[in-house]
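Novice: Let's have the full structure, built from the sequences with the hints guiding it.
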Amino acid sequence: MVQTGETRRELALDCFLLAGKILMENGAETYRVEDTMIRMAVSQKMTNSHCFVTPTGIMFSPSDELPTRFVRINARQTDLERVALVNAVSRKLVAQELTLQQAYEELEEIDQTNYKFNMWLQVLAAATASGCFLILLGGSWNDLPFAFVFGGTGFIIVETILERTRVKFFAEFIGSLAIGILAILAVYSGFGIDRDTIIIGSIMPLVPGLLITNAVRDLMAGHFVSGLSKGAEAFLTAFAIGGGIALVLSF
Amino acid sequence: MNWPLEAFLSFLAAGAFGVIFNTPHRTLISCGLVGMTGWLIYRSYELLLGDPVQATFAGAFGVALVAHLLAKKFRMPMIIFSVAGIIPLVPGSKAYNAMRNIVENNYLEAIKFASEALMISGAVAMGLVFAEVLMQAVFKQQAKRIQRKIGMTPD
Chain Z
6 MVQTGETRRE LALDCFLLAG KILMENGAET YRVEDTMIRM AVSQKMTNSH CFVTPTGIMF
66 SPSDELPTRF VRINARQTDL ERVALVNAVS RKLVAQELTL QQAYEELEEI DQTNYKFNMW
126 LQVLAAATAS GCFLILLGGS WNDLPFAFVF GGTGFIIVET ILERTRVKFF AEFIGSLAIG
186 ILAILAVYSG FGIDRDTIII GSIMPLVPGL LITNAVRDLM AGHFVSGLSK GAEAFLTAFA
246 IGGGIALVLS F
Chain U
329 MNWPLEAFLS FLAAGAFGVI FNTPHRTLIS CGLVGMTGWL IYRSYELLLG DPVQATFAGA
389 FGVALVAHLL AKKFRMPMII FSVAGIIPLV PGSKAYNAMR NIVENNYLEA IKFASEALMI
449 SGAVAMGLVF AEVLMQAVFK QQAKRIQRKI GMTPD
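Chains as they are written, first to last, in our numbering: chain Z, 6 to 256; chain U, 329 to 483.
Calculated directly from the structure, the hints in this document are not laboratory data.
Just so it is clear, CB atoms sit at the ideal spot from N, CA and C, and this is done for glycine as well.
Take the hints with a grain of salt, since some may be wrong.
[To be verified] Which chain Z residues face chain U? A few, computed with CB under 8 Å, are given here:
#, residue
1, Ala33
2, Leu71
3, Arg74
4, Ile78
5, Arg81
6, Leu85
7, Glu86
8, Ala131
9, Ala134
10, Leu141
11, Ile205
12, Pro210
13, Gly214
14, Ser255
[To be verified] Once the Cα atoms are required to be at most 20 Å apart in a straight line, the calculated EDC-like pairs of lysine to aspartate or glutamate come out as:
#, chain 1, residue 1, chain 2, residue 2
15, Z, Lys173, Z, Asp84
16, U, Lys400, Z, Asp40
17, Z, Lys121, Z, Asp201
18, U, Lys468, Z, Asp40
19, U, Lys440, Z, Glu114
20, Z, Lys26, Z, Glu110
21, Z, Lys26, Z, Glu114
22, Z, Lys26, Z, Asp84
23, Z, Lys97, Z, Asp19
Specialist: Below, the structure written as structure tokens:
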């Protein structure tokens, strides 16, 4: 099945850019995005292509004569399942197990399906993680229910505000503020024992772990623009969490 | 320290982070195991030699090694396994103490905690990078050997 050159190239470009966009939006490293796009391009006989990926946009130039394309990335989240699925599609395309058309359809389906765990399961996971960290960091068993509940509450608050306002740092600030107030109330009322470990355990689900990892890996791979901007995002997140806690502690 | 309890809790915590980051469902247990490996290496190193920075480096190194092996096994990006694993190593309590001391106007104490937190996050980063470079070198050698065996010239 040989399509006419023009439409086929258009489809190929759409396919690469969609793959890059899904990867970048869901928390892949810059290096992986570029690598995936270039490999897919090489498999479609575009050997002289270049791409430039930043956390906010992807530029892709297939060759000297074809026009360069650009996609904007507006929102980023963490959904590693999508990263794994796109990775699998690109492997299959490179191994010639999928045609371009099939790959494009699969990518569109990945883009539109919601793979996230149920919200309540996520809250339960955040609560469990908080409880575990409380004990791991040397907290007392008496404080366990507080860390469990506050960790879950903080996570719900952050997700809800994020959904309403789309301002990540504000959501994290309010979330950690709420955790701080709750922890102080718990200790003040005499039920909780150690304010500090309750707070540390409960804010753990908000820690920007993925951003830190990605920032370091991007910097080491030579993607300085992406590395620095992800580092800035991680720093701002840490600052928002710290600010919320500091505000509570200063009273 | 209570080894089985800490192993279980770090497994559970890393698995829970797997759920939050929505890692593919069949890798959740592996994510938990990666987190457990990192935390146990970190804790035993800290108990034996007492330096949290070196211990964090060792923990992150272990996390990245195991994550790399699992990535090869599952044929998935390595980041899926390493992200949940390094969360327990992040210096949350040091950063918190730095913040608390700033608020309480104990700036000298705050600087001490902040620089410790900075050193530890640096150690996490170094551990990840070192393990990655090592694994890449090993796998490149391996690939070359296989290529030679089947009569392909390595590029």
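Novice: If a hint holds in the structure, say so; if it does not, say that too.
Specialist: Comparing the hints with the structure gives:
1. About 7 Å separates the beta-carbon of alanine 33 (chain Z) from the nearest beta-carbon of chain U, less than 8 Å, and the hint is met.
2. At its closest, the beta carbon of leucine 71 (chain Z) sits 27 Å from a beta carbon of chain U; the interface hint therefore is violated under the 8 Å criterion.
3. With a least beta-carbon distance of about 24 Å to chain U, the hint placing arginine 74 (chain Z) at the interface is violated under the 8 Å criterion.
4. With 8 Å as the threshold, the beta carbon of isoleucine 78 (chain Z) stays out of range of chain U, its nearest partner Cβ sitting at about 17 Å, so the hint is violated.
5. Checking arginine 81 (chain Z) against chain U: minimum C-beta separation of about 13 Å lies over 8 Å; hint violated.
6. A hinted interface residue such as leucine 85 (chain Z) counts as satisfied when its beta carbon comes closer than 8 Å to some beta carbon of chain U; here the least separation is about 5 Å, so the hint holds.
7. Given the 8 Å rule on beta carbons, the hint for glutamate 86 (chain Z) holds: about 5 Å separates it from the nearest Cβ of chain U.
8. Using the Cβ-Cβ criterion of 8 Å, the hint placing alanine 131 (chain Z) at the interface with chain U is satisfied: the shortest such distance is roughly 6 Å.
9. For alanine 134 (chain Z), the interface hint holds, since its Cβ comes within 8 Å of a Cβ in chain U; the closest pair sits about 4 Å apart.
10. Proximity of leucine 141 (chain Z) to chain U holds as hinted, the smallest CB-CB distance being about 5 Å (cut-off 8 Å).
11. For isoleucine 205 (chain Z), the suggested interface contact is upheld, since its CB lies about 5 Å from the closest CB of chain U, less than 8 Å.
12. The restraint placing proline 210 (chain Z) at the interface with chain U holds, with a minimum CB-CB distance near 6 Å, inside the 8 Å limit.
13. For glycine 214 (chain Z), the interface hint holds, the least distance from its beta-carbon to any beta-carbon of chain U being 5 Å, beneath 8 Å.
14. The beta carbon of serine 255 (chain Z) comes within 5 Å of a beta carbon in chain U, closer than 8 Å, and the hint placing it at the interface holds.
15. For the proposed pair lysine 173 (chain Z) and aspartate 84 (chain Z), the alpha carbon gap of about 16 Å is at most 20 Å, so the pair holds.
16. A threshold of 20 Å between alpha carbons decides the hint, and for lysine 400 (chain U) with aspartate 40 (chain Z) the separation of about 17 Å falls inside it, so the pair holds.
17. The hinted pair formed by lysine 121 (chain Z) and aspartate 201 (chain Z) fails the criterion: a straight-line CA distance of about 32 Å is larger than 20 Å.
18. Only pairs whose Cα atoms come within 20 Å are accepted, and lysine 468 (chain U) paired with aspartate 40 (chain Z) is accepted, the gap being roughly 17 Å.
19. Between the alpha carbons of lysine 440 (chain U) and glutamate 114 (chain Z) the distance comes to roughly 51 Å, so the proposed pair goes past 20 Å and is violated.
20. About 15 Å separates the Cα atoms of lysine 26 (chain Z) and glutamate 110 (chain Z), which keeps this hinted pair within 20 Å; it holds.
21. Using a Cα cut-off of 20 Å, the hinted pair lysine 26 (chain Z) and glutamate 114 (chain Z) holds, with the two alpha carbons roughly 14 Å apart.
22. Restraint check for lysine 26 (chain Z) and aspartate 84 (chain Z): the C-alpha separation of about 13 Å stays at or below 20 Å, so the hint holds.
23. Distance hint between lysine 97 (chain Z) and aspartate 19 (chain Z) is fulfilled; the C-alpha atoms sit about 17 Å from each other, no more than 20 Å.
Of the hints listed earlier, those the structure fails to meet are numbers 2, 3, 4, 5, 17 and 19, in rising order.
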